[in-house]
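Asker: Knowing the structure of chain A, use the given hints to seat chains B, C and D on it.
If you're matching them up, the sequences are chains A, B, C and D in order.
Residue numbering for the first sequence follows full-length UniProt numbering, starting at 1 and increasing by one per position.
Residue numbering for the second sequence follows full-length UniProt numbering, starting at 1 and increasing by one per position.
Residue numbering for the third sequence follows full-length UniProt numbering, starting at 1 and increasing by one per position.
Residue numbering for the fourth sequence follows full-length UniProt numbering, starting at 1 and increasing by one per position.
Simulated from the structure, these hints should not be mistaken for laboratory data.
Among the hints, erroneous ones may be present.
Distance condition first, Cα-Cα at most 16 Å in a straight line; then the derived EDC-like pairs of lysine to aspartate or glutamate [to be verified]: (1) LYS160(C) with ASP181(D); (2) LYS160(C) with ASP176(D); (3) LYS160(D) with ASP181(C); (4) LYS38(D) with GLU3(D); (5) LYS282(B) with ASP87(D); (6) LYS282(C) with ASP35(A).
Just the calculated beta-carbon pair ranges, DEER-fashion [unchecked claim]: (7) TRP83(D) with GLU23(B): 21 to 31 Å; (8) GLU3(C) with LEU224(A): 13 to 23 Å; (9) LYS17(C) with THR184(A): 41 to 51 Å.
Here the structure is a predicted model, which means the values were calculated and not measured.
Glycine included, every Cβ here is placed at the ideal spot set by N, Cα and C.
There are 4 protein chains.
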Amino acid sequence: MVEYQKILDKIYSDLKKTKDHGEVAAYIPELKNVDPDKFGMYLNRLHGDNFYVGDWNESFSIQSISKVFTLGKAMSLIGNDVWKRVDVEPSGNPFNYLALLEQEEGIPRNPLINSGAIVMADILVSELDDPKKDFLQFVRNIANDESIIYNEKVAISEAKTGFTNYAIANLLKSFDNLHNDVETVMDFYFHQCSLEMTCEQLSNSFYLFANRGKCQRNCEYLTLNQIKRINAILLTCGFYDEAGEFAFEVGLPGKSGVGGGIVALLPNEFTLTCWSPGLNPKGNSYLGMKALEAFTTATNLSIF
Amino acid sequence: MVEYQKILDKIYSDLKKTKDHGEVAAYIPELKNVDPDKFGMYLNRLHGDNFYVGDWNESFSIQSISKVFTLGKAMSLIGNDVWKRVDVEPSGNPFNYLALLEQEEGIPRNPLINSGAIVMADILVSELDDPKKDFLQFVRNIANDESIIYNEKVAISEAKTGFTNYAIANLLKSFDNLHNDVETVMDFYFHQCSLEMTCEQLSNSFYLFANRGKCQRNCEYLTLNQIKRINAILLTCGFYDEAGEFAFEVGLPGKSGVGGGIVALLPNEFTLTCWSPGLNPKGNSYLGMKALEAFTTATNLSIF
Amino acid sequence: MVEYQKILDKIYSDLKKTKDHGEVAAYIPELKNVDPDKFGMYLNRLHGDNFYVGDWNESFSIQSISKVFTLGKAMSLIGNDVWKRVDVEPSGNPFNYLALLEQEEGIPRNPLINSGAIVMADILVSELDDPKKDFLQFVRNIANDESIIYNEKVAISEAKTGFTNYAIANLLKSFDNLHNDVETVMDFYFHQCSLEMTCEQLSNSFYLFANRGKCQRNCEYLTLNQIKRINAILLTCGFYDEAGEFAFEVGLPGKSGVGGGIVALLPNEFTLTCWSPGLNPKGNSYLGMKALEAFTTATNLSIF
Amino acid sequence: MVEYQKILDKIYSDLKKTKDHGEVAAYIPELKNVDPDKFGMYLNRLHGDNFYVGDWNESFSIQSISKVFTLGKAMSLIGNDVWKRVDVEPSGNPFNYLALLEQEEGIPRNPLINSGAIVMADILVSELDDPKKDFLQFVRNIANDESIIYNEKVAISEAKTGFTNYAIANLLKSFDNLHNDVETVMDFYFHQCSLEMTCEQLSNSFYLFANRGKCQRNCEYLTLNQIKRINAILLTCGFYDEAGEFAFEVGLPGKSGVGGGIVALLPNEFTLTCWSPGLNPKGNSYLGMKALEAFTTATNLSIF
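Looking at chain A on its own, in the form it has when it is part of the complex (with noise of 0.2 Å):
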């Protein structure tokens, strides 16, 4: 029998004496005033007792791990219409790359970079009622916890230095792939990604991914042909221009954050996030990939 404690405990033990703890993101005040020292990991496992270490109670900038929720609610709103507006390749490319949608005339390369992100909102803006208020709903049914919020301070300081976004926005437009007006789509993008949530909150929305599309008390759900096709572009496209190198030493299905938060999960098995806000030059969580790789090696759990 696998001793998760004794693993995550010396996971974490092992990380808090390495002197590089990467580089906290800067570009905003409330994510470089973050306490570089914090790391947690939360472990949920589906056919057994849940293991964790750390800071896995505090809240955390979630980021880019939101676009993994916008995903899928646009694909449990639209089907497979949202192929029509972004694509599922890697896009080989740092995660803010115009020129690859110029080249590709407006289709971003797949819903988990930047442009497809957008693209995402834009869908979830023309098809919910109340777009912010409605998606917030969603993820909190998913994890199953009424206390997650949109942080306002965030989402205003990264529509005041948003303006690659603004400029990926505006070619989109120009293309023809955004339906609504700019300002709109960004303001709810931009709240998306101030999403707070502890290790356990997350761990506990990626359950539905895990568990073939139905999430922890039943109340939202996605098919298992839909599940699986969001499992393979984690997979492929879930870390920027790294997501090569994440399969290679990982082998999970994953997304990470540049609040440096990272969620990797193995189907039908468990859900892991691990937290720690410096970035290794890739944009990705320094400890959190060495935690995951850690982890792997330790449990030889991975889906190859």
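Answerer: Just chains B, C and D now, kept in the frame of chain A:
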């Protein structure tokens, strides 16, 4: 002695016979509704009589030709500091290519592509007391004609559909190469593009660039060194992706606009404006390019 | 219990009815002359009986599928030093894109695109005593079949027309990432691509990758860690520009070749080879892709 | 009256004082071993005396300057058919960029980048009876000097290390824009680059391009129209990624080589060669560029 009137008349009658006039720009109604059969030329000679033919006295939207005026004004205001924010190399790419701007980290290739012209607009917004008014007065001065005006309808139409330009401005801002806010700069930019001038007015306004920096009534000036550099940029960058072709076929510095105007000049000799609204696939006036080729072939005048 | 034979039979009869079989590769006569109506499948299950249908016992040119064998052999010879010379990221571009190789200064994106495979070939030329002979023996060992041979005619044809590959090899050499001379490496490379195998032989040879690194007769092996990494690369990079699509639609690690073969595998469960010579526009077997989609849909087997 | 000797002497003494002479090309021993302190200039005036200074009478490797001769010869042989195989647009990229060639499907941007020059070499190999011998005679004719020779050692050295050029030639071949075999064309190309000439010989050989197509002894000629076009290409494409900068700072058509030579010309007025082996980061002679800027500033001579 060269019989200029005969040459212009022959070009006019030859081109009138051609079936293919290119495609009139259709992205805003104000441009789309222009009569595609319009054709005019105006030759302003520095040391002799002027000659003209066809619709030389009809106003049209000068669009990108205005970039030469903002470049000249920016150079007169801040001199070589202009070159800290924009390069002088041909772009080798279509006029709205964001890829290059991203790759070169926010330094536009030259001041005659959209990104470079938006940086020039930003400089004028920073340097002029009343940017739109003062710039209009500059153009009136060098053309020696107080009747030149912005077309507000055109400016508003462009603002409504100019998503690519907004994308460029935001991308420049993300690289810290736009110092004023996006809306203010774009408002100035869309106004400069909306300037309406006749062939005669354009030829008169470019007199400055052919006449070593002194305009017709000596009201404005640039140094000889600045003029030579502007002419060099016109030759290497004045026709988007077709600059080499124009240098090759025509052999004169010049600038085209999507309204169908082209101005070219031979230093110390003449300025020549053609106008025909239909465009070739590269976005330059279809008959205008042919008219200029015919003129330099007939007269054997070129800088080479 | 899953009725595999029924599933294969149904896929076979369904696909036989389709009009569009894609385009057979035509760049060398040996590939062009293959009967476009050929279709075969062979399922090798690790814990149960094997199943097959159609032309499963006919040899075809495995082409790029051989890149998996050279990768495996290179890893077994020099271990992680492989990753000093090639990356593990999806290429996000067609299979012969030199641009990316130039931009990334001679480090191929991954070992399954042509440039990466040429680096693997270079490693084998350096490390093996008699490269072509020893590599052929390796393939025979893992397939447990001494009858597998190179097709010399195919190898010679490819050498005569393989200018893009010569360009790649020379570009690698210019970046000092090819240690042997171009001709020797290309001779090896064109031979590996010329290997002829049946669906059964391919399924048998990939047993190793599904079976945690042990081949059917235990004659060759890779570590579990190496196998997982190879499978990860297969999933993220095995289908050129369509890798994401394959992960998305099929959800299995796999590799295709321009001869119309595709091998896929579910770790610890099975290997499955399809062969149909007609290709889709991305260069993967048209019916082979459809057959694999149908198989995973019918069986609900995938890594996600 | 302009005091040319005084101007050349002053440029010479000023530049001799500068510490930074750039970096001598080091990729082959024959170029690396050149004395970095060499500096020479030779001014050939069409309507007056010639002037010179420093090491004007010493031979050096003309390298890419030879591309102007092959272009001229190709145009004299097949006229406008040249433009079916090469474009006339600036490349906007470093001189060995394969990406652009791939993107534009084997049509080089212009005849002065390596890919375009290799196509010119291919034309001469097709059209000339004894390509290397006949081309050498052409150069001797236009320079009016039978002593000009290839440096076989340089040609052999370049062939041994010219992997990027071999990559380009193979890529051209893959797009069917190289009609002879790669080795034959590259042998010609490496020989043309190995030509050794003095400043005087280069200025004499470019007399043709300044003198409307007639060389000094009327032994060879091009049409006025062809000459104008060559000059236009020199201006827009003669200095790799620095063509715009050269047009901007110097304002003359010209061509540089990695051996440290630069030739420039003012139509109907003069040809001027500078030689200094140290290069700037863009691959053009560091002091040569400065010398030409100083000359045109002092004399106020430019095409603009």
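Asker: Is 21 to 31 Å respected by the C-beta to C-beta distance linking TRP83(D) and GLU23(B)?
Answerer: holds, 24 Å
Asker: Within a Cα-Cα threshold of 16 Å, do LYS282(B) and ASP87(D) meet the stated pairing?
Answerer: The hint holds at about 15 Å.
Asker: Regarding the pair LYS160(C) and ASP176(D), is the alpha-carbon distance no greater than 16 Å?
Answerer: holds, 13 Å
Asker: May I ask you to test the hint 41 to 51 Å on the CB atoms belonging to LYS17(C) and THR184(A)?
Answerer: holds, 48 Å
Asker: Could you tell me whether the CB distance from GLU3(C) to LEU224(A) stays inside 13 to 23 Å?
Answerer: holds, 20 Å
Asker: For the pair supplied as a hint, LYS282(C) and ASP35(A), is the alpha-carbon distance within the 16 Å limit?
Answerer: Not OK: LYS282(C) and ASP35(A) at ~48 Å, beyond 16 Å, violated.
Asker: If you draw a straight line from the CA of LYS160(D) to the CA of ASP181(C), is it 16 Å or shorter?
Answerer: Measuring from Cα to Cα gives roughly 11 Å; hence the hint holds.
Asker: With the threshold set at 16 Å, check whether the alpha-carbon distance from LYS160(C) to ASP181(D) stays at or below it.
Answerer: holds, 11 Å
Asker: For the pair supplied as a hint, LYS38(D) and GLU3(D), confirm whether the alpha-carbon distance does not exceed 16 Å.
Answerer: This hinted pair is violated, its Cα atoms lying about 24 Å apart.
Comparing the model with each numbered hint stated earlier shows that hints 4 and 6 do not hold.
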